[in-house]
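S.K.: Please work from the sequences and hints to get the whole structure.
Protein chains in written order, with this note's numbering: chain A, 1 to 151; chain B, 1 to 151; chain C, 1 to 151; chain D, 1 to 151.
Since the hints were derived computationally from the structure, they do not count as laboratory data. It is possible that part of the hints are untrue.
[Claimed, not checked] Straight-line C-alpha distance at most 30 Å; calculated BS3-like pairs for lysine-lysine:
hint : chain 1 : residue 1 : chain 2 : residue 2
1    : D       : K131      : A       : K110
2    : A       : K110      : A       : K131
3    : C       : K110      : A       : K110
4    : B       : K110      : C       : K110
5    : C       : K131      : B       : K110
6    : D       : K110      : D       : K131
7    : A       : K131      : D       : K110
Number of protein chains: 4
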Amino acid sequence: MNDTAPKDPGCEARVRASFTAQGLMRTLGASLVRVSPGLVEIALPASPALPQQHGFVHAGAIASIADSAAGYAALTLMPPGAGVLTAEFKINLLAPGIGERIVARGRVVKAGRTLTLAQSDVFAVHEGREKQIALLTATLMAVEGREGVSD
Amino acid sequence: MNDTAPKDPGCEARVRASFTAQGLMRTLGASLVRVSPGLVEIALPASPALPQQHGFVHAGAIASIADSAAGYAALTLMPPGAGVLTAEFKINLLAPGIGERIVARGRVVKAGRTLTLAQSDVFAVHEGREKQIALLTATLMAVEGREGVSD
Amino acid sequence: MNDTAPKDPGCEARVRASFTAQGLMRTLGASLVRVSPGLVEIALPASPALPQQHGFVHAGAIASIADSAAGYAALTLMPPGAGVLTAEFKINLLAPGIGERIVARGRVVKAGRTLTLAQSDVFAVHEGREKQIALLTATLMAVEGREGVSD
Amino acid sequence: MNDTAPKDPGCEARVRASFTAQGLMRTLGASLVRVSPGLVEIALPASPALPQQHGFVHAGAIASIADSAAGYAALTLMPPGAGVLTAEFKINLLAPGIGERIVARGRVVKAGRTLTLAQSDVFAVHEGREKQIALLTATLMAVEGREGVSD
Numbered sequence: 001m002n003d004t005a006p007k008d009p010g011c012e013a014r015v016r017a018s019f020t021a022q023g024l025m026r027t028l029g030a031s032l033v034r035v036s037p038g039l040v041e042i043a044l045p046a047s048p049a050l051p052q053q054h055g056f057v058h059a060g061a062i063a064s065i066a067d068s069a070a071g072y073a074a075l076t077l078m079p080p081g082a083g084v085l086t087a088e089f090k091i092n093l094l095a096p097g098i099g100e101r102i103v104a105r106g107r108v109v110k111a112g113r114t115l116t117l118a119q120s121d122v123f124a125v126h127e128g129r130e131k132q133i134a135l136l137t138a139t140l141m142a143v144e145g146r147e148g149v150s151d
Numbered sequence: 001m002n003d004t005a006p007k008d009p010g011c012e013a014r015v016r017a018s019f020t021a022q023g024l025m026r027t028l029g030a031s032l033v034r035v036s037p038g039l040v041e042i043a044l045p046a047s048p049a050l051p052q053q054h055g056f057v058h059a060g061a062i063a064s065i066a067d068s069a070a071g072y073a074a075l076t077l078m079p080p081g082a083g084v085l086t087a088e089f090k091i092n093l094l095a096p097g098i099g100e101r102i103v104a105r106g107r108v109v110k111a112g113r114t115l116t117l118a119q120s121d122v123f124a125v126h127e128g129r130e131k132q133i134a135l136l137t138a139t140l141m142a143v144e145g146r147e148g149v150s151d
Numbered sequence: 001m002n003d004t005a006p007k008d009p010g011c012e013a014r015v016r017a018s019f020t021a022q023g024l025m026r027t028l029g030a031s032l033v034r035v036s037p038g039l040v041e042i043a044l045p046a047s048p049a050l051p052q053q054h055g056f057v058h059a060g061a062i063a064s065i066a067d068s069a070a071g072y073a074a075l076t077l078m079p080p081g082a083g084v085l086t087a088e089f090k091i092n093l094l095a096p097g098i099g100e101r102i103v104a105r106g107r108v109v110k111a112g113r114t115l116t117l118a119q120s121d122v123f124a125v126h127e128g129r130e131k132q133i134a135l136l137t138a139t140l141m142a143v144e145g146r147e148g149v150s151d
Numbered sequence: 001m002n003d004t005a006p007k008d009p010g011c012e013a014r015v016r017a018s019f020t021a022q023g024l025m026r027t028l029g030a031s032l033v034r035v036s037p038g039l040v041e042i043a044l045p046a047s048p049a050l051p052q053q054h055g056f057v058h059a060g061a062i063a064s065i066a067d068s069a070a071g072y073a074a075l076t077l078m079p080p081g082a083g084v085l086t087a088e089f090k091i092n093l094l095a096p097g098i099g100e101r102i103v104a105r106g107r108v109v110k111a112g113r114t115l116t117l118a119q120s121d122v123f124a125v126h127e128g129r130e131k132q133i134a135l136l137t138a139t140l141m142a143v144e145g146r147e148g149v150s151d
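M.R.: And the structure:
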């Protein structure tokens, strides 16, 4: 893993302020657990708000926190003032989302000037044990000088 | 598109019942607009529950309805009793989710015995005009004989 | 499909010259069949140079022509002087590559200033009949002002 | 990484025999460097047979060895007699393929009965230094009892 020198010493405050502005994270009940340069962790307690039709956490809810974790991991390494947008992501679902809590850990694979590649490993925590349930791979784009798009 | 002969004449009722069980769709405020063999449309009115940090609809919310639309399009062509699970999906985000409403139209590209490939075209509707904002490609798995997994 | 107004009237000549420089296409035996704004078709006759272990055309050979077809479809809509690079692609393999010939048809889904989304539909031609065997989705990047990277 | 207990003690011989049958690997000039349970490495010397139009190794050639490395990593953990097919893969290209040699290291992320998730990290080796140039994520399918499809 490389390019993890933080370009912005206030990266945690920056990510926390941006996360608070994500209405969807509040709607889902997600919270920001950890922010460090190139690494961001988001947790999501299971709730009746989240299932698909078989009672498992919906792939869309899993993808939502995994995308945010990957995006914010990328943002920690972007220059101050740049905003981050997801250009595309892919998620492989390895096992049903069953447990008390879903945790997504985003990490930067390669930080570039325009495009950053990040991955999120997603785990279900059931009776204290973690099991990997998904892997997301995302291309994030740094956007500078566009009105309304920062952090 | 091919293999679109409906294997289950009650496919609309089947999809509607399954959709109602998806807690996440209710949480987001999504509704099922149209169901026909190999084609499913889901709509999502913009609301303060859905944005990412810049005020656009969050990629995770877009992916959630696009994944459900693709999955249900696949389900319409699966044998009665089979359940559908998403094995993986990829989404390309083409433009910010800005508008009164987001619409995802899922369609089957190739229906197979075990794996089905489906795509969802996602549009933002703004002042009555549609603009494509995302394209999702999903691999859906038909699951038979597994307790708790049907439709 | 949109944004298909050709920005370069000489787009066919441009793509043909670039294709000729792709050593890999020559190695595989691929040829350029058709070039029009936003659409490029590449054909690959089956040969003992191409199989994977079961005798089907290798997914890598299928991906190679599908990536080139998508990339050149994108290039036809880029400004003169810009070079095209693949940022990422995803390919779903729907059926084994069996037949006399593989054909990849690339088309632009959304042309953007920096990023273009394109897809290639890939068919195996067997005894005169076409069967879709793969679908590739690619993000192409326009690169300007970088030495050695044009077309 | 998990589930890496080899199910077939002869996994190296099995992969070597299968690799030899891949005409495309011979065409490209690729060789099998290392095989162990859940891990396979393939090397590809740069040559005039491989470039795209700017002289870099073509994304299709990179994807070809990365797909084979991921597929064979999956095969090492499949039961004897099962054949491996790629259902889909996604590749992110991080830097141009420039160097004396390209190396793809495939590893299993999650081995399942039907579907296995594997990734390949791809490096360019230039003047003795490795630089990551791509990341491939693949879904591999175990096929049993289908004529002509084993290993």
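S.K.: Confirm or reject each hint.
M.R.: So, going through the hints one by one against the coordinates:
1. D/K131 - A/K110: The hint holds at about 11 Å.
2. A/K110 - A/K131: holds (26 Å)
3. C/K110 - A/K110: Between C/K110 and A/K110 the Cα gap is close to 26 Å, so the pair holds against 30 Å.
4. B/K110 - C/K110: holds (23 Å)
5. C/K131 - B/K110: Cα-Cα ~11 Å, so holds.
6. D/K110 - D/K131: Answer holds: D/K110 to D/K131 is near 26 Å, not above 30 Å.
7. A/K131 - D/K110: holds (11 Å)
Every hint, counting from the list given before, is met by this structure.
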